[in-house]
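Sequences are here, hints too, so could you generate the full structure?
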Amino acid sequence: MQIEKVYEPGRFEAHWARWWIENGIFTADRDKPGAVFSMVIPPPNVTGSLHMGHMLDHTIMDACTRWHRMKGDNTLWLPGTDHAGIATQMVVERQLAEQGTDRHQLGREEFLRRVWAWKEKYGNRITDQMKAIGDSVDWSREQFTFSPQLSRAVTEAFIRLYEKGLIYRGEYMINWCPRCRTALSDLETAHEETQGSLWHIRYPVTESDRWLTVATTRPETMLGDTAVAINARDERYQDLHGRTVNLPLMDRQIPIVLDEMADPEFGSGVVKVTPAHDPNDFEAGKRHHLPHLKVIDEEARMTSEAGPYAGLDRFEARRRVVADLERLGLLEKVQPYVLPLATCSRCKTVIEPLVSKQWFVRMKPLAEKAIDAVESGAIRFVPENWNATYFNWMRNIRDWCISRQLWWGHRIPAWHCEECGRIVVGREAPGKCPHCGSNQFAQDPDVLDTWFSSGLWPFSTLGWPDQTPDVAKYYPTSLLITGFDILFFWVARMIVMGIECTGEVPFRVVHMHGLVRDAEKQKMSKTKGNTIDPLDITAQYGTDAVRMSLLKGVAAGTDIVYTEDRLTTARNFSNKLWNAARLIFMNMERSGVEPVVPGAAAAEAIEDRWMFSRLNCSARRVSTYFEQHRYNDVAEELWSLFWDHFCDWYLEVKKLRLAENTGLDDHWRNLLYSFTTILKLLHPAIPFITEELWHRIDPSGASIAVQPWPQPREDVDLGPEPERDMELLQLIVTEIRNLRADQKVDKKQRVTARLYCRPDALAVAETEHAIIERLGNVSLHVSEQSAPHLSGAVRSNTEFDLVIELPDVDKSALRGRLEKEIAQLAGLIARTDAQLSNEKFMKGAPARVIESMREKRSEYTAELQKKKEAHEALA
RNA sequence: GGGCGCGUAGCUCAGUUGGUUAGAGCGCCUGCUUCACACGCAGGAGGUCACAGGUUCGAGUCCUGUCGCGCCCACCA
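Here the first sequence is numbered in my numbering, starting from 1 and rising by one per residue.
If you are wondering where the hints come from, they were derived from the structure by calculation, not from laboratory data.
There may be inaccurate statements among the hints.
[Claimed, not checked] No farther apart than 25 Å at their CA atoms in a straight line, the calculated lysine to any residue pairs in the SDA-like style are these:
hint, residue 1, residue 2
1, K357, R398
2, K528, T189
3, K820, R754
4, K71, F484
5, K811, V706
6, K521, F484
7, K5, H695
This one's a predicted model, so the numbers in the text were calculated from it and none came from an experiment.
Put into structure tokens, the structure is as follows:
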């Protein structure tokens, strides 16, 4: 059996990914239960914007899926991470189109097969290719088509909400991005603290020599003012109630209205009212029935209503307005002012609030149910501190603007009658207008916010609105895994839409992990150029290593700072596993052992009792950690089980046992059993290497992915304290090694060690004489503890005295170590004594704590005694 | 303005309801090419758990305050 010295990353990955799918172990369809998320190939839906966040999602989802599968749970479904897959799907589609193929005709499996073919041909360059195609697409002209199923679900959801009165169309103040030329939801805007100014402008009171000073951060909007507001309680302006002011520059008279929005404490206490261009003013305008004067258009240019300023860009208009006011002596003062400026989160253009007719979802009633779902525990956030954020958002929610003036997306299923102008919402174009009988219709040109369809993901992918077997079996889904950055965008919307459309929550548990950041803790983003391409590093380090490095970093509530180090160490782990297998395979060949996954034999050897016990313990712990979503603990447990326990001790001992054995004896059985058990435990975390190695041991050809999760061995008697003897052996070997190191004994120097043992250690030392000699690199003489006068290099503890015979003993080294140990023990004893003599402690502490402290105290005391004696002997 | 979080070894971080000597990886020091692995082995150094109080028999862990850092939400001119 040939096996390479160094594990080549990625060598078997594409092969096994394909094999799993071809054999029906996992499905290629990420939107279906049992999907494989291994990320060895670009998943069809997320290719273009593949980043480490996806890799993290996929790693956890895939590990959870595999673990649940091995535990025998086939009802688990983790909804995928795809939401705005539109652009990326298009990229792949375009690539197909260039070959004259349509994705829907191809079918999913074939589609995926082609992606693989590219992957094999071009390696990871496929991402660049795809990016290049993505860049060449003129997104504003492209019409995206959803899959028929998803499309139907979106239409259905829209209609149901509309019929319940939860969707309405209305004229409201919305966020408008002049560059994207579309309405945006509140979430799609970002607020940036910006250094601006507060301009104080004088509005002369009509037929008076007085004026009112208003303060504004946007002087150009004054052209659209239709009132100024003062507070009725403001004593300064009591006499002005009911009068008007002359709007400067525009030569219009506008009323002075009384409104609570004017805060007497702020500035002059007078507010200009521009209903068409400010959300607050819009509301005030409704209260006072003020006209809307739209002075800025969809391209952020001044309209004809802006008189002499018409046609100017809004910022140019601002400069002109300010200059003109100054010339007229109406600019009282300008203060520097820091204000949060709303910008488009996609293109950073300053948002222009506009009044516009849009479609909205009425959020208040939906939010109540969504809050209840979390309060009642129907949905649980992990970690729980997200509850507060979620509740806070839901309680202050405003209606959700869902229409977008984009060219790609799902068209709104509404038709405008060209005769009477009324709107008909329906699954398809209406035959004739129910209001006027006309048959002339135009479909609403707007498309839906992509998060509207994303909100349906947990059930639309299962076949909803039909009552499919998948819906019945898998809905509500088990677990959603995602980054906290889309809590509002996606998670909250899924909860709302799920409850409204299906009457049930979309998932039981939401695990929110942190963001993957770079070495400087910066968020990875394309604009900063600090992104790591998952496909590049999987090629370089291996997918298993990338997965392991990510899992190790997932701790609740914190981000992952992702550096090269993490990858290197995880790759080292892969290689270690590979080489452990190499050792085993080489020995199998030498001993003539055929590949087989055996049951465990009797656990007579101490290392077997110890290892089986460790395996039981780890299997239990890993399960617990998966259940509690403590993925970093999963990784850590596996790491130390395999490296610290299996490799450093078990294999080292077994290596010696097997040296002269042939055939499948008990040592071989137990070694293979232990190793295959570890492969199973590791499989959810590092599926590819474990699958590869499994097939080299298991002749049946079955996947490791369908093996049952290791159960505690009831059939093997491990004795009362299965790990104790092995720990004694470890202690003996460690003490020998310590002495050799302290005394600077050359490794080639053959030395004699004498071990004077108490009964437990004696049994171990006699039975495992040869093992200790090899691991400690000494000639060993074992005898009962008769405590003669010890000379040479001595180490003593309560279990045994160890002497290494040397011509020159470095006493200062021995003394140094002893003194350190003595000081440590003395400190411990002092501390336990202080506790045990404390009446309050004796009264207050639970019995078990007191008991264990007493035990410890006597152990420390005995240990200290031995160390002191040893120290005196050195004097 | 409202909300959340962080500060533990030189670096990146774990530390589960308070309970023995606070852990890991990387880095560092010493010694090893020992026939699985130098992507390795053996040994070692390194922490007043940001600071100050408090609760407790007992605090890295709970409470209050201070300092430093970060994030999210928000229509006050």
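Against the structure, the hints:
no.: 1; hint: K357 to R398; in the structure: 16 Å, holds
no.: 2; hint: K528 to T189; in the structure: 20 Å, holds
no.: 3; hint: K820 to R754; in the structure: 24 Å, holds
no.: 4; hint: K71 to F484; in the structure: 28 Å, violated
no.: 5; hint: K811 to V706; in the structure: 59 Å, violated
no.: 6; hint: K521 to F484; in the structure: 16 Å, holds
no.: 7; hint: K5 to H695; in the structure: 18 Å, holds
Of the numbered hints listed earlier, those contradicted by the structure are 4, 5.
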